[in-house]
Amino acid sequence: MKLTIFFDGSFWCGLVEDDEDGKIKVLKHIFGPEPKDTEVLTFVNTQLLAEMAEVPSISMASKQVNEHRINPKRLQRLVNKEKNQPIYATKAQVAMQKSIEIKRMQRKEASKAQKQEEAQRRFQLKQEKRLQKRKGH
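The sequence shown runs 7 to 143 under our numbering.
Hints were generated in silico from the structure; no laboratory data involved.
Here the structure is a predicted model, which means the values were calculated and not measured.
The reader is advised that the hints may include incorrect statements.
When the alpha-carbon atoms are kept at most 30 Å apart in a straight line, the in silico DSS-like pairs for lysine-lysine are as follows [claimed, not checked]:
#: 1; residue 1: LYS79; residue 2: LYS89
#: 2; residue 1: LYS29; residue 2: LYS109
#: 3; residue 1: LYS29; residue 2: LYS141
#: 4; residue 1: LYS29; residue 2: LYS87
#: 5; residue 1: LYS114; residue 2: LYS104
#: 6; residue 1: LYS121; residue 2: LYS97
#: 7; residue 1: LYS97; residue 2: LYS87
#: 8; residue 1: LYS89; residue 2: LYS104
#: 9; residue 1: LYS8; residue 2: LYS29
#: 10; residue 1: LYS29; residue 2: LYS97
#: 11; residue 1: LYS132; residue 2: LYS42
#: 12; residue 1: LYS135; residue 2: LYS118
#: 13; residue 1: LYS8; residue 2: LYS109
#: 14; residue 1: LYS132; residue 2: LYS109
#: 15; residue 1: LYS29; residue 2: LYS121
#: 16; residue 1: LYS104; residue 2: LYS121
#: 17; residue 1: LYS8; residue 2: LYS42
#: 18; residue 1: LYS87; residue 2: LYS109
#: 19; residue 1: LYS118; residue 2: LYS132
#: 20; residue 1: LYS104; residue 2: LYS29
#: 21; residue 1: LYS104; residue 2: LYS87
#: 22; residue 1: LYS121; residue 2: LYS135
#: 23; residue 1: LYS34; residue 2: LYS89
#: 24; residue 1: LYS114; residue 2: LYS139
#: 25; residue 1: LYS121; residue 2: LYS132
#: 26; residue 1: LYS8; residue 2: LYS104
Derived DEER-like restraints, expressed as beta-carbon distance ranges [unchecked claim]:
#: 27; residue 1: MET111; residue 2: LYS8; range: 23 to 31 Å
#: 28; residue 1: ARG128; residue 2: GLU26; range: 40 to 48 Å
#: 29; residue 1: LEU137; residue 2: LYS97; range: 54 to 62 Å
#: 30; residue 1: ARG110; residue 2: GLY15; range: 17 to 25 Å
#: 31; residue 1: LYS42; residue 2: GLU123; range: 21 to 29 Å
#: 32; residue 1: PHE13; residue 2: ARG110; range: 20 to 28 Å
Idealized CB from N, CA, C, for every residue including glycine.
Based on the provided sequences and hints, a complete structural model is requested.
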């Protein structure tokens, strides 16, 4: 487990990387103003393990390398394609992006389920009102 503290332009952040068996967990914690040693120690001793338990682990598969000769034109196209791709400095940034995407999908699913429950509740209420009107009371 590795903790890196850096300044991202407006806040001091801590980046925690945990690499186990080819799976990586990454957590970004925002400290705010420049943290003192005591603040960092209290974060590590109290909050770190609880927050790391909530972070999904992401497997980092290594790319397979082809050893046969590549056509020069194809190689040039691949180089240009790589230039246009966004550059990730560390595996942590890639893992953090995947983690954010997973959380986004979970929020989307939860929101969809909540909307569906609300629609079902409204439908039931409408049906009950309709039955009450038919009774004539």
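Here is what the structure says about each hint:
1. LYS79 x LYS89: This hinted pair holds, its Cα atoms lying about 15 Å apart.
2. LYS29 x LYS109: holds (17 Å)
3. LYS29 x LYS141: The given pair, whose Cα atoms are some 63 Å apart, is violated under the 30 Å limit.
4. LYS29 x LYS87: Measuring from Cα to Cα gives roughly 28 Å; hence the hint holds.
5. LYS114 x LYS104: Within the cut-off at roughly 15 Å; holds.
6. LYS121 x LYS97: violated (36 Å)
7. LYS97 x LYS87: Between LYS97 and LYS87 the Cα gap is close to 20 Å, so the pair holds against 30 Å.
8. LYS89 x LYS104: OK: LYS89 and LYS104 at ~21 Å, within 30 Å.
9. LYS8 x LYS29: holds (14 Å)
10. LYS29 x LYS97: Measuring from Cα to Cα gives roughly 11 Å; hence the hint holds.
11. LYS132 x LYS42: Roughly 59 Å separates the two Cα atoms, so the pair is violated.
12. LYS135 x LYS118: holds (26 Å)
13. LYS8 x LYS109: Status holds; Cα separation ~22 Å.
14. LYS132 x LYS109: Violated: LYS132 and LYS109 sit about 35 Å apart, past 30 Å.
15. LYS29 x LYS121: Violated. LYS29 to LYS121 sits at ~34 Å, over the 30 Å cutoff.
16. LYS104 x LYS121: Given pair LYS104, LYS121 holds - Cα atoms ~26 Å apart, limit 30 Å.
17. LYS8 x LYS42: Measuring from Cα to Cα gives roughly 18 Å; hence the hint holds.
18. LYS87 x LYS109: Answer holds: LYS87 to LYS109 is near 29 Å, not above 30 Å.
19. LYS118 x LYS132: holds (21 Å)
20. LYS104 x LYS29: holds (12 Å)
21. LYS104 x LYS87: holds (21 Å)
22. LYS121 x LYS135: holds (21 Å)
23. LYS34 x LYS89: holds (27 Å)
24. LYS114 x LYS139: violated (38 Å)
25. LYS121 x LYS132: Holds, at roughly 16 Å.
26. LYS8 x LYS104: Holds, at about 19 Å.
27. MET111 x LYS8: 23 to 31 Å: Given a distance of about 27 Å, which is inside 23 to 31 Å, the answer is holds.
28. ARG128 x GLU26: 40 to 48 Å: holds (47 Å)
29. LEU137 x LYS97: 54 to 62 Å: For LEU137 and LYS97 the Cβ distance comes to about 60 Å; the hint holds.
30. ARG110 x GLY15: 17 to 25 Å: About 23 Å separates the Cβ atoms of ARG110 and GLY15, which means 17 to 25 Å holds.
31. LYS42 x GLU123: 21 to 29 Å: With Cβ atoms ~46 Å apart, the hint is violated.
32. PHE13 x ARG110: 20 to 28 Å: holds (26 Å)
Hint compliance for this structure: hints 3, 6, 11, 14, 15, 24, 31 are not met, and every other hint is.
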